[in-house]
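Protein sequences, first through last, are from chains A and B. Going by our numbering, 70 is the number at position 70 of the first sequence; the sequence numbering is gapless. Just add 115 to the spot in the second sequence (first one is 1) and you have our numbering.
Heads up, some of the hints might be wrong.
Unchecked claim - Simulated pairs of lysine-lysine, DSBU-like, Cα-Cα distance not exceeding 35 Å:
| hint | chain 1 | residue 1 | chain 2 | residue 2 |
| --- | --- | --- | --- | --- |
| 1 | B | Lys182 | A | Lys9 |
| 2 | B | Lys171 | A | Lys71 |
| 3 | A | Lys71 | A | Lys83 |
| 4 | A | Lys70 | B | Lys157 |
| 5 | A | Lys9 | B | Lys117 |
| 6 | A | Lys71 | B | Lys157 |
| 7 | A | Lys9 | A | Lys57 |
| 8 | B | Lys157 | A | Lys57 |
| 9 | A | Lys57 | A | Lys71 |
| 10 | B | Lys157 | B | Lys171 |
| 11 | A | Lys14 | A | Lys83 |
| 12 | B | Lys171 | A | Lys83 |
| 13 | A | Lys71 | A | Lys14 |
| 14 | B | Lys182 | B | Lys117 |
| 15 | A | Lys83 | A | Lys9 |
| 16 | B | Lys182 | B | Lys157 |
| 17 | A | Lys14 | B | Lys157 |
| 18 | A | Lys14 | A | Lys70 |
| 19 | B | Lys182 | A | Lys83 |
| 20 | B | Lys157 | A | Lys9 |
| 21 | A | Lys83 | A | Lys70 |
| 22 | B | Lys171 | B | Lys182 |
| 23 | A | Lys14 | B | Lys117 |
| 24 | A | Lys70 | A | Lys57 |
| 25 | B | Lys171 | A | Lys14 |
| 26 | A | Lys57 | B | Lys171 |
| 27 | B | Lys117 | B | Lys171 |
| 28 | B | Lys117 | B | Lys157 |
| 29 | A | Lys57 | A | Lys14 |
| 30 | A | Lys71 | A | Lys9 |
| 31 | B | Lys182 | A | Lys14 |
What the hints assert, rightly or not - Covered by chain B, according to a simulated footprint, are these stretches of chain A (three or more residues, beta-carbon under 8 Å):
| hint | region |
| --- | --- |
| 32 | 33-43 |
| 33 | 76-83 |
Unchecked claim - A partial selection of chain B residues facing chain A, derived with a Cβ cut-off under 10 Å:
| hint | residue |
| --- | --- |
| 34 | Phe213 |
| 35 | Gly214 |
| 36 | Thr220 |
Treat the hints as calculated values from the structure; they're not laboratory data. Backbone N, C-alpha and C fix where the C-beta goes; we use that ideal spot for every residue, glycine too.
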Amino acid sequence: DGGITQSPKYLFRKEGQNVTLSCEQNLNHDAMYWYRQDPGQGLRLIYYSQIVNDFQKGDIAEGYSVSREKKESFPLTVTSAQKNPTAFYLCASSMRPFDRGTEAFFGQGTRLTVV
Amino acid sequence: QKEVEQNSGPLSVPEGAIASLNCTYSDRGSQSFFWYRQYSGKSPELIMSIYSNGDKEDGRFTAQLNKASQYVSLLIRDSQPSDSATYLCAVRARQLTFGSGTQLTVLP
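All chains, please: the whole structure from these sequences, using the hints.
This is the structure we're talking about:
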């Protein structure tokens, strides 16, 4: 089945710890995105990547890092510099970057909690 | 002004009624417009996309776009309890930007 797989579904982070969220897609999509969602709010863009080995900061990139070494994979690291990381993290992908008519599809999300 | 604004809700409609969800956006260069449905605790699911002025119908869903007014809406006809969810408007200009969502409850 084609789709976007995020893991783990739930993740707990201790203070001062870096954690990495996985996102893999087998849709042959060029573009991948990371969003953060806080309770009762919409999605805010953290990072996006239009092609392999290239990525751009979104609106709230501080405290996060990404890599795009393979087309299928776009992992997100939440660093200790992110002071309020508890949120629902969503990975998405689309066939092309920000072209008209390109629809974005989401993985199932990772719920990160600081303990 | 937020880039994408949705009516705050929550919105409640009786089963079988028409639910109307509204969204305005600020970037006149926006080219693509999407509606996503998000059930509690789940990820957003794409339900409609629209790119040209006018109406686009898909089953019980109709998306309406008016670029001059920078307005996009979603109508859900014959609303069902299973339509109860948060509906997110998304607009693509330089990025794909989401509104904060409108929570819809369809009462049996």
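These are the hints, each one checked on the structure:
no.	hint	verdict
1	B/Lys182 - A/Lys9	violated, 38 Å
2	B/Lys171 - A/Lys71	holds, 33 Å
3	A/Lys71 - A/Lys83	holds, 30 Å
4	A/Lys70 - B/Lys157	holds, 27 Å
5	A/Lys9 - B/Lys117	holds, 30 Å
6	A/Lys71 - B/Lys157	holds, 25 Å
7	A/Lys9 - A/Lys57	holds, 24 Å
8	B/Lys157 - A/Lys57	holds, 25 Å
9	A/Lys57 - A/Lys71	holds, 18 Å
10	B/Lys157 - B/Lys171	holds, 26 Å
11	A/Lys14 - A/Lys83	holds, 12 Å
12	B/Lys171 - A/Lys83	violated, 43 Å
13	A/Lys71 - A/Lys14	holds, 31 Å
14	B/Lys182 - B/Lys117	holds, 17 Å
15	A/Lys83 - A/Lys9	holds, 21 Å
16	B/Lys182 - B/Lys157	holds, 31 Å
17	A/Lys14 - B/Lys157	holds, 24 Å
18	A/Lys14 - A/Lys70	holds, 29 Å
19	B/Lys182 - A/Lys83	violated, 39 Å
20	B/Lys157 - A/Lys9	holds, 11 Å
21	A/Lys83 - A/Lys70	holds, 29 Å
22	B/Lys171 - B/Lys182	holds, 14 Å
23	A/Lys14 - B/Lys117	holds, 33 Å
24	A/Lys70 - A/Lys57	holds, 18 Å
25	B/Lys171 - A/Lys14	violated, 48 Å
26	A/Lys57 - B/Lys171	holds, 33 Å
27	B/Lys117 - B/Lys171	holds, 26 Å
28	B/Lys117 - B/Lys157	holds, 25 Å
29	A/Lys57 - A/Lys14	holds, 25 Å
30	A/Lys71 - A/Lys9	holds, 22 Å
31	B/Lys182 - A/Lys14	violated, 47 Å
32	33-43	holds (count 6)
33	76-83	violated (count 0)
34	Phe213	holds, 4 Å
35	Gly214	holds, 5 Å
36	Thr220	violated, 15 Å
When each numbered hint is compared with the structure, violations occur for hints 1, 12, 19, 25, 31, 33, 36.
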